[in-house]
Amino acid sequence: MKFSTILSAAMLAQQGMSHPGQSKAEALQELQQRREYRSMNKRTLADCADQLKARGNDALLQARRSAKLEAMRKKRSISTDKPLLKARSFDDVLNTDHHSNLTVTPETADPATLFTGNASCTLTPETTEGPYWVAGELVRENIVDGQAGVPLTLDIQVVDVNTCEVVPQAYTEIWHCNSTGVYGVVAGGNGNQADLANINNTALRGIQQTDNDGVVAFETLFPGHSEKEAPYNTNTQALTVNKDDFIFEEEAANVDPSVEYVYLGDSISEGLFGWIAFGIDTAAARNVTPAVYLTENGGVANPNAGAGGPGGPGGPPPTGSRPTNLPTATASA
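So for the sequence shown, the working numbering puts the first residue at 25; every next one is plus one.
Calculated from the structure, these hints are not laboratory results.
Computed from a predicted structure; not experimentally measured.
Cβ atoms here follow ideal geometry from the backbone N, Cα and C, with glycine treated the same way.
Hints may contain errors.
Said to hold, decoys possible - Simulated crosslink set (DMTMM-like; lysine to aspartate or glutamate; CA at most 25 Å straight-line):
(1) 99 x 269
(2) 98 x 169
(3) 99 x 237
(4) 99 x 294
(5) 99 x 165
To be verified - Estimated spans, in silico, between C-beta atoms of each pair:
(6) 264 x 166: 41 to 49 Å
(7) 327 x 258: 31 to 39 Å
(8) 87 x 216: 41 to 49 Å
(9) 263 x 308: 14 to 22 Å
(10) 220 x 187: 42 to 50 Å
(11) 192 x 292: 30 to 38 Å
(12) 171 x 259: 35 to 43 Å
(13) 265 x 321: 38 to 46 Å
(14) 171 x 291: 18 to 26 Å
With the sequences and hints as input, model every part of the structure.
Below, the structure written as structure tokens:
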């Protein structure tokens, strides 16, 4: 899963870095680039913790997330009197269970009990934006588009690690595959290549601006694994656990890249509420190349996508012009 704030970042880093088609050599090269960047850019969101708390950011964010959580329960007709199981589990991150047995009830809990602290990532230069980034995403909060899966409300706060200020009015973009590992709009080598309509499938993609508190929320589904990893019951590949995942290890060396979450009800099928914060360098920017341009007439494959992405399916693309007023630079976690 990825998002962008005129930037772009991996939401679940262990999934976001596992796009099909990336060789071990490419992954190692990417890892080296990340190490070089971090050697020169060591500041993370953790450096802003005290300042954010002193400004009242933590209290405001806790209250906001608590209200959002209760609103999502009511929307799904889940009793607000039910206790919440907090999502909390390399060494510290690996041993942190992002789903614990902490019980919280409306009568006994301060929102801080549940929402204290921020799981956080810090952006680094994007090296694998293709072949899944699409220019011209729809501006919307709900990106489900009728797809089946486990409901997920994802709450994101964006903070400038140089100033420790929240970043308002930042265009925040998110995209991920569906429960069977298929990404919409992009097509080559993705799902059923005979499905020519996939280039117009906008499910699980969208963009919004952060509010004055640097916060944005999306209603989506829990993402599946990428191509060749799903369906799970027929996957015979060797399982790579987090402790053996060198990319996850690198991500977790400085920050916790995992989204924290709670069950809305008694089981995961009733939905999840997740939250994460991203520390960004607002001065950093670079050009990227989309695989597809999404226009009012549908998806249009980018003929110059090159190695960044395979573009759309075969046959002539739909007519339409490139959207204007789009973010022009990205970076990634």
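### Task
Find the hints from earlier in the document that the structure breaks and name them by number, from lowest to highest.
Result: hints 1, 6, 9 and 12 break, sorted rising.
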